[in-house]
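The listed protein sequences correspond, in order, to chains A and B. So for the first sequence, our numbering puts the first residue at 902; every next one is plus one. So for the second sequence, our numbering puts the first residue at 2; every next one is plus one.
Stretches of chain A that chain B covers, calculated by requiring three or more beta carbons in the stretch to come under 8 Å of a beta carbon on chain B:
1. 925-933
2. 950-963
3. 975-987
4. 1002-1010
5. 1027-1035
Here are the simulated SDA-like cross-link-like pairs (lysine to any residue), alpha carbons at most 20 Å apart as the crow flies:
6. B:Lys613 - A:Gly1020
7. B:Lys366 - A:Gln973
8. A:Lys933 - B:Arg13
9. A:Lys933 - B:Pro10
10. A:Lys933 - B:Gly186
11. A:Lys1086 - B:Glu571
12. B:Lys54 - B:Arg188
Worth flagging that the hints you see were computed from the coordinates, not collected in a lab. Where is the CB? At the ideal position from N, CA and C, for every residue including glycine.
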Amino acid sequence: MTQKDPLNVIVTGVGGQGNVLISQLIGKALVKQGHHVTIGETYGASQRGGAVMSHLRISRQEQYGPLIPEGQADVILGLEPVETMRVLAQYGHPEVIVIANSRPVYTMAVTTGAAEYPGTQEVTRTLEELSSAAWVINATEIALEMGASILTNIIMVGALVGSRALPLGPEGLEAALRDSMPSDKLEVNLTAARRGLEEARARVAS
Amino acid sequence: MVSIATGKPGTRELFMGNEAIARGALEAGVGFAAAYPGTPSSEVIGTLAEVAKEGDIYAEWSVNEKVAMEVAAAASFAGVRAIVAMKQNGVNVASDFLMNLNLTGTRAGLVLAACDDPSALSSTNEQDSRPFAKWADLPLLEPGTFQEAKDMTRWAFELSEEINNACMLRTVTRISHARGDIELGERIPPSKEARFTATSPVDFTPYPVPFKHHQMIAKLEKVRELFESSPFNRYVGPERPELLVVTCGACWFYSLEAVKALHAGDRVGILKLGTTWPLPEKFVQEHLARTERVLVVEEVAPFLEGNLKELVGGHLADTGPLTFYGKRSGHIPDSGELNPDLVTKALGSVLDLELEGVSPEYVQKAQQLTGSHTHMRAIGFCAGCPHRASFWSLKNALKLDGRGGFVTGDIGCYTMALGPTGYFQVKTVQAMGSGVGLACGFGNLARTGFEQPVVSVCGDSTFFHAAIPALLNGIYNHSNFTLLILDNSATAMTGFQPHPGIGKTATGETTPAVDIEGLCRAMGVRVEVTDPFDLEGTTEKLLDLLRDDGGVRVLISKRTCALVRARQEEAEYRVHVDPEKCRGDSCGCARLCTRVFQCPGLIWDTETDTAKIDEVICSGCGVCADICPAGAIINEAV
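Please construct the entire structure, taking both the sequences and the accompanying hints into account.
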């Protein structure tokens, strides 16, 4: 498969869900394989429960800027459903691929009753209508089964790699995890990544 | 994992812009690094502190930016290369020293990394710190790529030594906090021969001022000559472009992308400047002479634009008449950060070209399907944040007091008390420590009929940075206010850096912790301490202090930041809502927990119409159990 160049990937979610870790894992692994990678991300105040985004730009030819132009994301990995919808509306186009976690983090407006959160069916339908392929994965539920919701992002990055949307295979992801995880956390993160890969495999096959 | 110290020359690594600056300093043999943390600058010194041991350097978190600049200058005076980093607001703090250091001059290379925050993504302003370089007659470098962030930093030390003056390196969030692959270079070890030697009585002073002023200007002229051949300035495009884009910093990327998107490469040239003060006049003039129209793309102030016009004004015979487009013409927005879309739009409007984007049908469909659900996600205090509890009690105490009391705010996570999760309690926000200064003023308005109680809030790190002089001022001048110190034992907003009250240095060494309570007592004021999670006790203490109109009094609300606690210890409670006791909307509490208290760990279950704990988000602090009038929120000790 010839890769689009630059390949524009957005990882989105809510502050604290582990966006930065995902973009770094993928970025470092791809630089190791000779790609130019640029990552633009939101920090600081946005960490405190705000909407966060990491823009990844992957190229064989040159280094691109840290911000993806509107309507030019090729892949969107969403750790939170409404954030995925938000990013899709701004950066999507009919050919975009979307992989989203199903578990909501309610906005204050929803918690206080001022707004309603869309149901899973509506989320799925919206993502499908605005993309060429959309997967909704129960990553947080899988992470909770594994005993720690914090693994959600690693399950999702496993699913992203399993989707073959990136020029990065499972071995590359495992190597990146071995490189960046402290030894006592490595096994559980490797397992989480494999669970994500399995989720992707089941969908690629179907 | 590759550290910035051990990365091998010639290898390519993915570095954050700030890490690239830190690596550049190490490659230059930096021996001394200092900063007060501030987004987006914190990782420059943070990273150097992490590798201080293996890199064989000294790194510190200073109490504020002025002191950081001073300690770094001392290293330079003694012959040790030094770097100091700060956000744009920090440059204001350091500027008093800077405006005398420039006249004094330096010895070993001294680099000031100023990291600006266009759009104020994590700031109270979006000021452009570049005019400081012009004002102080210091050379200014602006990296346009991650590689340049490293290479320019390394070169800045040499430049500083060439002219014996400090050199300013200015980045923006999209360089400092973005990441890109860079190629590493060789490191040289730091000097081990530090010694202070003054060759004349006024060697390390600005005296005699007119003489040193003249010298300083001569140094800058030398810099201008050096900049004429700098590899950090370059041109891409046709020999005689119809339009010349002049740009710097992250806007270099956006400009490249805009020209590509509009397929305008045969019409438009890009002059990318890395040395933006003083301008290399001959080099710039040559390029200006080859066109008739110029678009200036930069963040945030029209700094380059103004300097280019000044240059053209003095050399019209050489450049010929030029039409300028930019912030002044309205083609580039006058505020906020730029991005490829805004630059493409500006370029398109100058060239009369339309961008072929996503189909309007898709955009419309996306808007229809998502519009009603993508309202703004407001930021707020984290689950378990001690600030939420403090502001809950403060709100209640001010209400019980009933005299129209209000809160002056400061810089830190607690600035978010401007919003719903701090119950809109904070009413003013300006600079570090300013809340206390304002309170001093309000507290001395009694003569003019002012009767409202005044409460100033500031965090522990802000207290050390700039609140102490204002507190002294209030005590000395018989002001009347309550200072509420929100001591969460961290510089939380910028990444949990230690400060003088923690007992640890930047490099992890143990050091005496300055006791805020003891310090305030020594100043002679009434001091109380409270645990913010004790809502009742805190409210009572606050109320008592509000009513004690006897000058300045202090309440220290002490509880470690929830994010720090989560790293150090298990949750205190497993919290759940008893579905038997929560009567939902029939209770009469009007959803006090989710609607008013607003902790993200508490959600409303629309199916059962009762409150619910989101176990993924709840930190187990147990505070919400105290606010439920029905006693339906249950804390189980873990």
